[in-house]
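Participant: Listed below are the residues making up each chain.
2 protein chains.
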Amino acid sequence: MSDQSRQWTAALVVIGDEILSGRTQDKNVAQLASWLNDQGIRLAEVRVVPDDAAKIGEAVNALRAINDYLFTTGGIGPTHDDITIDAIAAAVGVPVVVHPGARRILEDYYAPRGIELTESRLRMARVPEGAELIDNRSSGAPGVKWENIYILAGVPHIAASMIEGLTGKLEGGRPIVSLTVGARAPESDVAELLQRLEQANPSVAIGSYPFFRDGGYGSNFVVRSEDGDLARRTVDALAQGLREAGFEPVEGGI
Amino acid sequence: MSDQSRQWTAALVVIGDEILSGRTQDKNVAQLASWLNDQGIRLAEVRVVPDDAAKIGEAVNALRAINDYLFTTGGIGPTHDDITIDAIAAAVGVPVVVHPGARRILEDYYAPRGIELTESRLRMARVPEGAELIDNRSSGAPGVKWENIYILAGVPHIAASMIEGLTGKLEGGRPIVSLTVGARAPESDVAELLQRLEQANPSVAIGSYPFFRDGGYGSNFVVRSEDGDLARRTVDALAQGLREAGFEPVEGGI
Numbered sequence: 089m090s091d092q093s094r095q096w097t098a099a100l101v102v103i104g105d106e107i108l109s110g111r112t113q114d115k116n117v118a119q120l121a122s123w124l125n126d127q128g129i130r131l132a133e134v135r136v137v138p139d140d141a142a143k144i145g146e147a148v149n150a151l152r153a154i155n156d157y158l159f160t161t162g163g164i165g166p167t168h169d170d171i172t173i174d175a176i177a178a179a180v181g182v183p184v185v186v187h188p189g190a191r192r193i194l195e196d197y198y199a200p201r202g203i204e205l206t207e208s209r210l211r212m213a214r215v216p217e218g219a220e221l222i223d224n225r226s227s228g229a230p231g232v233k234w235e236n237i238y239i240l241a242g243v244p245h246i247a248a249s250m251i252e253g254l255t256g257k258l259e260g261g262r263p264i265v266s267l268t269v270g271a272r273a274p275e276s277d278v279a280e281l282l283q284r285l286e287q288a289n290p291s292v293a294i295g296s297y298p299f300f301r302d303g304g305y306g307s308n309f310v311v312r313s314e315d316g317d318l319a320r321r322t323v324d325a326l327a328q329g330l331r332e333a334g335f336e337p338v339e340g341g342i
Numbered sequence: 089m090s091d092q093s094r095q096w097t098a099a100l101v102v103i104g105d106e107i108l109s110g111r112t113q114d115k116n117v118a119q120l121a122s123w124l125n126d127q128g129i130r131l132a133e134v135r136v137v138p139d140d141a142a143k144i145g146e147a148v149n150a151l152r153a154i155n156d157y158l159f160t161t162g163g164i165g166p167t168h169d170d171i172t173i174d175a176i177a178a179a180v181g182v183p184v185v186v187h188p189g190a191r192r193i194l195e196d197y198y199a200p201r202g203i204e205l206t207e208s209r210l211r212m213a214r215v216p217e218g219a220e221l222i223d224n225r226s227s228g229a230p231g232v233k234w235e236n237i238y239i240l241a242g243v244p245h246i247a248a249s250m251i252e253g254l255t256g257k258l259e260g261g262r263p264i265v266s267l268t269v270g271a272r273a274p275e276s277d278v279a280e281l282l283q284r285l286e287q288a289n290p291s292v293a294i295g296s297y298p299f300f301r302d303g304g305y306g307s308n309f310v311v312r313s314e315d316g317d318l319a320r321r322t323v324d325a326l327a328q329g330l331r332e333a334g335f336e337p338v339e340g341g342i
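Those sequence lines, one after another, are chains A and B. Heads up: the first sequence runs through residues 89 to 342, numbered per the numbering used here. Heads up: the second sequence runs through residues 89 to 342, numbered per the numbering used here.
Be aware that one or more of the hints could be misleading.
To be verified - Covered stretches of chain A (in silico footprint by chain B; criterion: 3 or more residues with CB under 8 Å from a CB of chain B, positions within the stretch not fixed):
{"hint": "1", "segment": "129-142"}
{"hint": "2", "segment": "156-169"}
{"hint": "3", "segment": "188-195"}
{"hint": "4", "segment": "285-298"}
Worth flagging that the hints you see were computed from the coordinates, not collected in a lab. Glycine is no exception: its CB is placed at the ideal position from the N, C-alpha and C atoms.
Start from the sequences, fold in the hints, and give me the full structure.
Facilitator: Written out as structure tokens, the structure is:
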């Protein structure tokens, strides 16, 4: 049974020079965040670090100590710039070993394709000693779990396949309910209304996201809470307040 | 004159519950990273933190101490969840004041539109004491510079307008040259070649980015260096090595 009163948190370390150089647009933050919401786990912080063992280790140790779960994406392929396993093993103080199960997965994957399991490919079977594997249905190499550290691929659809396999397996609290209401109101016109509502309901968070579209200003207001009823009541009160201020609320956002 | 031998670095703190909830896909990391490359400044780390003053302050102080520049995006609008200015002022130990120039910008922006400068809107003229303004041509409220901290909007096109105004004004080193060559080669087939090339050229970084497309595997190899000639020679050697291994190199990537 989950402890409903406790808030579960995760952090994510995104590993890769390609994100920090601007070459690659990260997609793992958004996809992991949404998935964590459904597991009742809040994504508390993200750090993006380069392919540098010391930086990876520092971020992993700092964040795994203060969160229930620590995820990483990137750096687990077969090439020289894939150093995540070594960096994390060093950071937690265990040796790197070849995992027999991972080796078997790679053998089963490459053999029928007539591809040799070279030393480079075998790198993908290396894990910090004591690790378990995370299933990967979309390509051969598995993800790696070591205590509260979940080591995922950087390629978004492979990372997606790995978290898919973890669905329902991580202990969390109640899923966070997120409701949106939009209005053709400049956010500065409703700032006081929002503040009043949030102060009256400390366990909801209200975000205000302005836009300029079709020649006019507007905002979407996102109400988030683990208490679905409270989120609902807050959105209703917000819609009422918008109406009183002369703006038509649009349920679900604009 | 820039010091050509020194490497200039920046860090970015992305502020916002909407990124950590998965609601909003961040675009500022990639756009700031590309722009920094052109300024000869390397983006060394990114942290994404929630709308929480303590978390913002902690990330800003940790990163501004070890980098030449510290950028933030998000949390500078008129609503209750826009707490970046207060959080940074508290973190660096100065009071928040209304900047007369920012107030004037807001007055000039709202008056001709017949919009009242309410207390909420005036929030956007508040800065940590001692700050300068960063020009914003796309909407009224300016960005804020305090010592080596550059406080930008979260909305990507407004952030883009603010960094546009900073182009050429930040001291940096040589722009980082990035050259790409692709091949229909699984990255595990060329892992040893890449490692040999990188070891032979410690001042280049080679990234390997695999893909699966049109029914086949391939990889793009990105060679980055402040030394453009060295990057060029390394790409030529890589193309030669790919050819010798039986793969046709594609300049510019696939």
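Participant: Next step is simple, just say for each hint if it's right about the structure.
Facilitator: Hints, one by one, checked against the model:
{"no.": "1", "hint": "129-142", "verdict": "holds (count 10)"}
{"no.": "2", "hint": "156-169", "verdict": "holds (count 5)"}
{"no.": "3", "hint": "188-195", "verdict": "violated (count 0)"}
{"no.": "4", "hint": "285-298", "verdict": "holds (count 7)"}
Going down the numbered hints, you'll see the structure goes against just number 3.
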